[in-house]
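> As given, the protein sequences belong to chains A and B, one line each in that order. Quick note: the first sequence uses this note's numbering, first residue 1, plus one each step. Quick note: the second sequence uses this note's numbering, first residue 1001, plus one each step.
Since the hints were derived computationally from the structure, they do not count as laboratory data. For each residue, glycine too, the CB sits at the ideal point set by N, CA and C. Hints are not guaranteed to be accurate.
What the hints assert, rightly or not - Below are the DSS-like pairs computed for lysine-lysine, each with C-alpha atoms no more than 25 Å apart in a straight line: (1) A/K2 <-> A/K16; (2) B/K1042 <-> A/K505; (3) A/K407 <-> A/K565; (4) B/K1080 <-> B/K1058; (5) B/K1304 <-> A/K407; (6) A/K413 <-> B/K1304; (7) A/K181 <-> A/K418; (8) B/K1042 <-> A/K345; (9) B/K1304 <-> A/K441; (10) B/K1273 <-> A/K403; (11) A/K498 <-> B/K1322; (12) B/K1164 <-> A/K536; (13) A/K407 <-> A/K429; (14) A/K413 <-> B/K1058; (15) B/K1187 <-> A/K487; (16) A/K196 <-> A/K236; (17) B/K1167 <-> A/K418; (18) A/K501 <-> B/K1322; (19) A/K655 <-> A/K710; (20) A/K662 <-> A/K710; (21) A/K495 <-> B/K1042; (22) A/K536 <-> B/K1033; (23) A/K498 <-> B/K1164; (24) A/K345 <-> B/K1237; (25) B/K1246 <-> A/K181; (26) A/K228 <-> A/K181; (27) A/K496 <-> B/K1164; (28) A/K501 <-> B/K1058.
What the hints assert, rightly or not - Simulated coverage check for chain B against chain A, where a stretch passes if three residues somewhere in it have a Cβ under 8 Å from a Cβ of chain A: (29) 1034-1041; (30) 1318-1326.
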Amino acid sequence: MKFSYSWLCDHLETDKNAVEIGDALTNIGLELESLTDYSSYSKFVVATIIDFHKHPNADRLNICTVDDGTKTYQVICGANNVKKGLKGIFAKDGMYIPGTQIYLKKGKIRGEISEGMLLSERELNLSDDHDGIIELSDNFENGTSAIDALKLNDPVFEIGITPNRGDCLGVRGIARDLSAKGIGKLKPLKYEKITKLDFESPISWNIENDNNSCEYVISRYFKDVKNKLSPEWLQKKLISLGLRPINALVDITNFITHDLGRPLHVFDADKVGKKLHMRLAKPNEKILALDNKEYTLDSNSTVIADNNNALAIAGIIGGESSGCTEDTQNVFLEVAIFEKDSVAKTGRTLGINSDARYRFERGLDKKMVIEGLNYASYLINKICGGSVSKNIDSGKLDTNERKIEYKFDYFEKVIGIKLEPKKQINILKDLKFQINQSNEKQCDLLVPSWRNDIENNIDVVEEVIRIYGYENIIESIPSPSNDEIVKINNSLINKKFKAIKKLKKSLISNGVSEIITFSFHSTKAHEILSGDVSLKISNAISDDQSFMRNSMIFNHLETADMNYKKGYKNIQIFEIGPIYNTSQSQENILSLLISSQENKNSIFKSEDLNFYSISNLVSILISSLNFDIKQFNISRSSSNIFHPGQSAELNMGKKLIARYGKVHPLIMGEFPKLKNSYVIELFFENLPIDSISRTNSSNILDSQFQFSEKDFSFIFEKEQNLFEVQRYVSGIDKNLIKNVEFFDLYESKDLGENSKSVTFRVTIQSKDKTLDEKDLEQIHNNILEKVSNKFKANIRT
Amino acid sequence: MDIKKVLNEATKQIEQCSDQQELQNVKVVYLGKKGKITELLKSLKDLSLEEKKSTGAKLNLLRTDIDKLIKNKLDSLKVKEINSKLKNEFLDISFPPPKSNLSKVHPISKTFDEVINIFASMGYSVAEGPDIETDYFNFSALNIPANHPAREMQDTFYIDDTDKDNKPYVLRTHTSPVQIRTLLNEKPPVKIIAPGRTYRCDSDSTHSPMFHQVEGLFINENTNMGDLKGTLIEFCKQFFNVQNLKVRFRPSYFPFTEPSAEMDIAYEIVNNKIHLGTGDFWLEILGCGMVNPIVLENCNVDTKIYQGFAFGMGLDRITMLKYGLTDIRSFFSGNLNWIANNGFSIGDY
């Protein structure tokens, strides 16, 4: 909402300046967004060119002698309108010129000294006009400030109005709220009611009984008016809001919309029928509106219509065919009450943001209907002449105020400070609440007609503290209770965040950087990764963001691709965030991408990137959460994002814990620059979160006796799951077998198509003694025998 | 028998040895079974008892001296050999290493962590809710009915799928639905924060279609607006690490709180850098208020007994303010240069 200082002063008698009023507005919840204030222009003054002659070294320049009332200056000026006796606006050495954003500096221009500058409108940021220097028409004294000479003493406020404050969508409402805060006194409205209403309106109303949104409508007919351009004061007001003056009749309705916050409409009475209806639109009924667009309505929208056509969309916008033009001779003024939800819904459906809709959907002061009618009648009659009909109305105007039984101690309970009932009552009275009955404990309130938003005690508390001032609330810090601390310590979500932090620490110490990408998928990614249909965003901003993602892989490959193009050859990134299986199923997972395009000829040879190094990283991540990768069942991953032969998944029971491996070549086809790319997805939310935090481990003492290591090679069936072998061997003698480490895998034609040779090293150690040859041999034989029996494996020699 | 002569001779020969083998040969010549000292000892048998005794002692001394000389020589030969071997193992230490890619966590992670810790120290547990929300949880339960103009304060993404009320799912426009989910699951007292992703269909240098918020909710019998003010000021002091923090609470409007407020913190520009906590300019930090009784009733909380406050703030925004970052879009760009410059290494996380 935009308004000027002088407009505010039409309604408010105040000695406060614009800055003080701006602060007060913010303090009462009408947040000041900007204040255009020219007060710094007082340093620029009126000055006269008392003489000038051509610059000896430049054809277009003149050397002027300028008098600012105290002194004369030599000024070099390039303007084409320089003449003797011209009064303009003068800036001296050192002054800041807002339009050019530079400080003036005394100096020579083509060899001649210049001690200042005569300004154009553009140099003062007043317009784009740079054709010449400002020529003042009035005969101002030299030395008069630019503010007075250019009438810049009218600062413009722009404030944010929250949706509950429809009452402040007119300057008068703002003045009223400021007066409650003690910033001046609300003036009575200055107009004369027209008393000579001497004929019946030839046009009448009918609110149809079809659930349309009109509660009440009242009108007057204006005969023999002369429409014309608005008077200067009215044009200036509209221009100050950024509105374009059109003609007096239209301007008056716009003015009242912004002055009283009361939208109203004028029809050219000769372009409409004699009977006007408030009714629901017919399905697909069309109307060409005043914004020159044709709208197709549905049967939920209310229209104003004559017997033939829809003339206006109720509470939103008028129709082109019935609008007032400069030729209009007879006018029908309409002031109505429309139900706010209906206006909001129609406005949103049609996508029309009009000043009327904005006000109707926030709820209006019903008492302002008659005030608006009278004020508009006065202005139409005064500016355009003619005669005015009697009122014609339809529907019921219910202006009963809401009653609230307000309890004074509720204020202290909610706000935390004591405020005597008397002080609360005074604030409420300033806000124009009517106090009917009151005692020490409570009072009966009548809510002002313009405050539709106030319905109950908490609303009243808010009003009292809003005016009393939030700065008077005394702050306190509630200290945490033991129960709360215990709750935090036991909270699964808090534990999960701790686990996430462990994962992040573990990843960055392994050279992987964290990124955050949007939760979206492009249509292409959605299709490639077979996302669920329920993940489509209906009103997506772009095709890149048209689905919710069911994986982060695509986003991460895109990120890798972008970074590759920036020169990164080894990309190691991860993200911990949501993926969506369906609209009702979301999981937070860790997704990691390693993509290496390393130059093999480089002197810096790092570890080979392959499935096994990725599997090692998975083990590290799982260990960082105090789990052991051996606890899980491993199988080949069936996910189509992975290379079928170089990917795996870990499960705990039926729960997927992780899947990882080389990205499927079909997906990599979208990213031809990225060659060797591996992904890990860790579904950490599926882990039993309670075990994640470290508990006291069973105190296994290091044995002091010598350990022994022995390598075993077996030929297994090719599909033999080695996790199972590892678990089995470890279990052969839990007391003596400390570790089973796999280190070699060999496949060849000699072994046969369906075989693989695997070597692992077993560490054997006793708690009680150094094992002798005989003990060891027994264990070795036991392992050889059991493994070959269990897995039908051949011992390789 | 000239013991001295033998010693001089041995010393000279040991000195002349250039490797371990030569030294070993010398050692055999003097100390071997058939070596010179053995021979000298054999010659003792012709001497008198007295002479035997004194010469024997001298010979033993000679043996010890030679042995020592050999050991010393051996040590120095070993050092010499290692040194000459090392000479062949010299690398080009001036070979420039590649650009280091120190991995970092995202600044938002750091903020998440700090926010959770600061509020944990005040007794707040963490709560969660889904990103894809029902219309009811995101709006209606929070006292934002259909067609309410407040819905237009937030540009909502809709999902092409409907919930049990036959309303399209929305991408949550704020973390406030977690208030409802928590209150429906837990009986008061409730004291939670809920950080997470939020979405609005808006995109320019100050808006991103996805951003992060943290919600706070504290409901018990007597929590009031003074507690709200104190809690939030304390949070900002700790988060921004400013002890004397100038703040302002302004009346505002949110359908789910009443009274509602927005909190601003003061700032000024010092040496072209934003300085928080002092000055005459204001930065909006968060929205807050006392939970509207209508919301509590929607969650079956008895408003005759319980009341409390809620707040919500943009985590990206406070991160940008704290670390002087300007473009929210870069947060989600995945640009590794940006992460390297603005992220946190393990020591700082």
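> Could you run down the list of hints and mark each one as holding or not?
Each hint, compared with the structure:
{"no.": "1", "hint": "A/K2 <-> A/K16", "result": "holds (19 Å)"}
{"no.": "2", "hint": "B/K1042 <-> A/K505", "result": "violated (77 Å)"}
{"no.": "3", "hint": "A/K407 <-> A/K565", "result": "violated (68 Å)"}
{"no.": "4", "hint": "B/K1080 <-> B/K1058", "result": "violated (33 Å)"}
{"no.": "5", "hint": "B/K1304 <-> A/K407", "result": "holds (13 Å)"}
{"no.": "6", "hint": "A/K413 <-> B/K1304", "result": "holds (11 Å)"}
{"no.": "7", "hint": "A/K181 <-> A/K418", "result": "holds (19 Å)"}
{"no.": "8", "hint": "B/K1042 <-> A/K345", "result": "violated (127 Å)"}
{"no.": "9", "hint": "B/K1304 <-> A/K441", "result": "holds (17 Å)"}
{"no.": "10", "hint": "B/K1273 <-> A/K403", "result": "violated (53 Å)"}
{"no.": "11", "hint": "A/K498 <-> B/K1322", "result": "holds (23 Å)"}
{"no.": "12", "hint": "B/K1164 <-> A/K536", "result": "holds (18 Å)"}
{"no.": "13", "hint": "A/K407 <-> A/K429", "result": "holds (16 Å)"}
{"no.": "14", "hint": "A/K413 <-> B/K1058", "result": "violated (108 Å)"}
{"no.": "15", "hint": "B/K1187 <-> A/K487", "result": "holds (13 Å)"}
{"no.": "16", "hint": "A/K196 <-> A/K236", "result": "violated (30 Å)"}
{"no.": "17", "hint": "B/K1167 <-> A/K418", "result": "violated (45 Å)"}
{"no.": "18", "hint": "A/K501 <-> B/K1322", "result": "holds (21 Å)"}
{"no.": "19", "hint": "A/K655 <-> A/K710", "result": "violated (36 Å)"}
{"no.": "20", "hint": "A/K662 <-> A/K710", "result": "violated (33 Å)"}
{"no.": "21", "hint": "A/K495 <-> B/K1042", "result": "violated (86 Å)"}
{"no.": "22", "hint": "A/K536 <-> B/K1033", "result": "violated (97 Å)"}
{"no.": "23", "hint": "A/K498 <-> B/K1164", "result": "violated (35 Å)"}
{"no.": "24", "hint": "A/K345 <-> B/K1237", "result": "violated (44 Å)"}
{"no.": "25", "hint": "B/K1246 <-> A/K181", "result": "holds (23 Å)"}
{"no.": "26", "hint": "A/K228 <-> A/K181", "result": "violated (40 Å)"}
{"no.": "27", "hint": "A/K496 <-> B/K1164", "result": "violated (30 Å)"}
{"no.": "28", "hint": "A/K501 <-> B/K1058", "result": "violated (77 Å)"}
{"no.": "29", "hint": "1034-1041", "result": "violated (count 0)"}
{"no.": "30", "hint": "1318-1326", "result": "violated (count 0)"}
Violated hints, in rising order: 2, 3, 4, 8, 10, 14, 16, 17, 19, 20, 21, 22, 23, 24, 26, 27, 28, 29 and 30; the structure is consistent with all others.
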